[in-house]
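Asker: Work out the full structure: start from the sequences and follow the hints.
So the mapping is simple: my numbering equals the position in the sequence shown, first residue as 1, plus 520.
Treat the hints with care, since some could be wrong.
Stated by the list, open to error - DSS-like cross-link-like pairs, simulated, lysine-lysine; straight-line CA separation at most 25 Å:
1. K674 - K590
2. K535 - K565
3. K603 - K674
4. K603 - K592
5. K565 - K550
6. K592 - K524
7. K590 - K572
8. K590 - K527
9. K592 - K535
10. K524 - K535
11. K527 - K550
12. K603 - K647
13. K524 - K550
14. K535 - K550
Calculated from the structure, these hints are not laboratory results. A quick note: this is a predicted structure, and the numbers were derived from the prediction, not measured.
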Amino acid sequence: MVSKVHKRTAIYRRKLQLLRSIIYSPSHSKTSVILDATEYIQGLKQKLEELKQLPVPTTQSIVDYNPMPKLKVETQEEGFVIKVHSERSCQGLLVFILEAFEELGLEVPHARVSCVDDFCLEAIGNKENNEDTSPLSAQLVEEVVSQAIQNWCKLQNIND
Numbered sequence: 521m522v523s524k525v526h527k528r529t530a531i532y533r534r535k536l537q538l539l540r541s542i543i544y545s546p547s548h549s550k551t552s553v554i555l556d557a558t559e560y561i562q563g564l565k566q567k568l569e570e571l572k573q574l575p576v577p578t579t580q581s582i583v584d585y586n587p588m589p590k591l592k593v594e595t596q597e598e599g600f601v602i603k604v605h606s607e608r609s610c611q612g613l614l615v616f617i618l619e620a621f622e623e624l625g626l627e628v629p630h631a632r633v634s635c636v637d638d639f640c641l642e643a644i645g646n647k648e649n650n651e652d653t654s655p656l657s658a659q660l661v662e663e664v665v666s667q668a669i670q671n672w673c674k675l676q677n678i679n680d
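Answerer: Written as structure tokens, this is what we have:
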């Protein structure tokens with residue numbers, strides 16, 4: 521009989537301690553912990569109501585979403601800065617862009633790429649030192665990289 525009482529008391533204390541830790545209550549008495557829990561629940565209800573009052577994104581904002589990566593090419597002294605950015609992850613796009621660099625004969629001594637939540641590439645491309653190659657313009661670099669992005673998009677539409 522005594523062991524049952526001890527077990528119930530131990531369970532009760534563990535549950536009270538767990539409740540105290542969940543609501544961050546400094547109180548030790550049962551009544552104070554329950555009052556703190558009530559206040560905590562009321563605070564959560566109030567936050568929920570505030571969240572319900574926030575505006576919900578409309579379908580118009582979803583329509584405005586542009587999945588096509590943005591491209592920008594800038595001329596530098598010895599080459600180009602190529603920037604590609606997309607608001608979504610673009611699996612496989614980097615390969616298409618690197619193939620475009622190879623097609624152009626660009627040497628890339630420095631590049632920074634992020635593909636986690638979005639796609640972001642910033643690369644410095646220099647023309648390889650070959651006498652038989654014609655000079656590159658920013659417009660030509662932009663056209664070739666843009667075509668690579670379009671080819672990637674076409675492939676994505678086939679796979680989706």
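Asker: Hints broken by the structure, by number, lowest first?
Answerer: Violated hints: 6, 7, 8, 9; rest satisfied.
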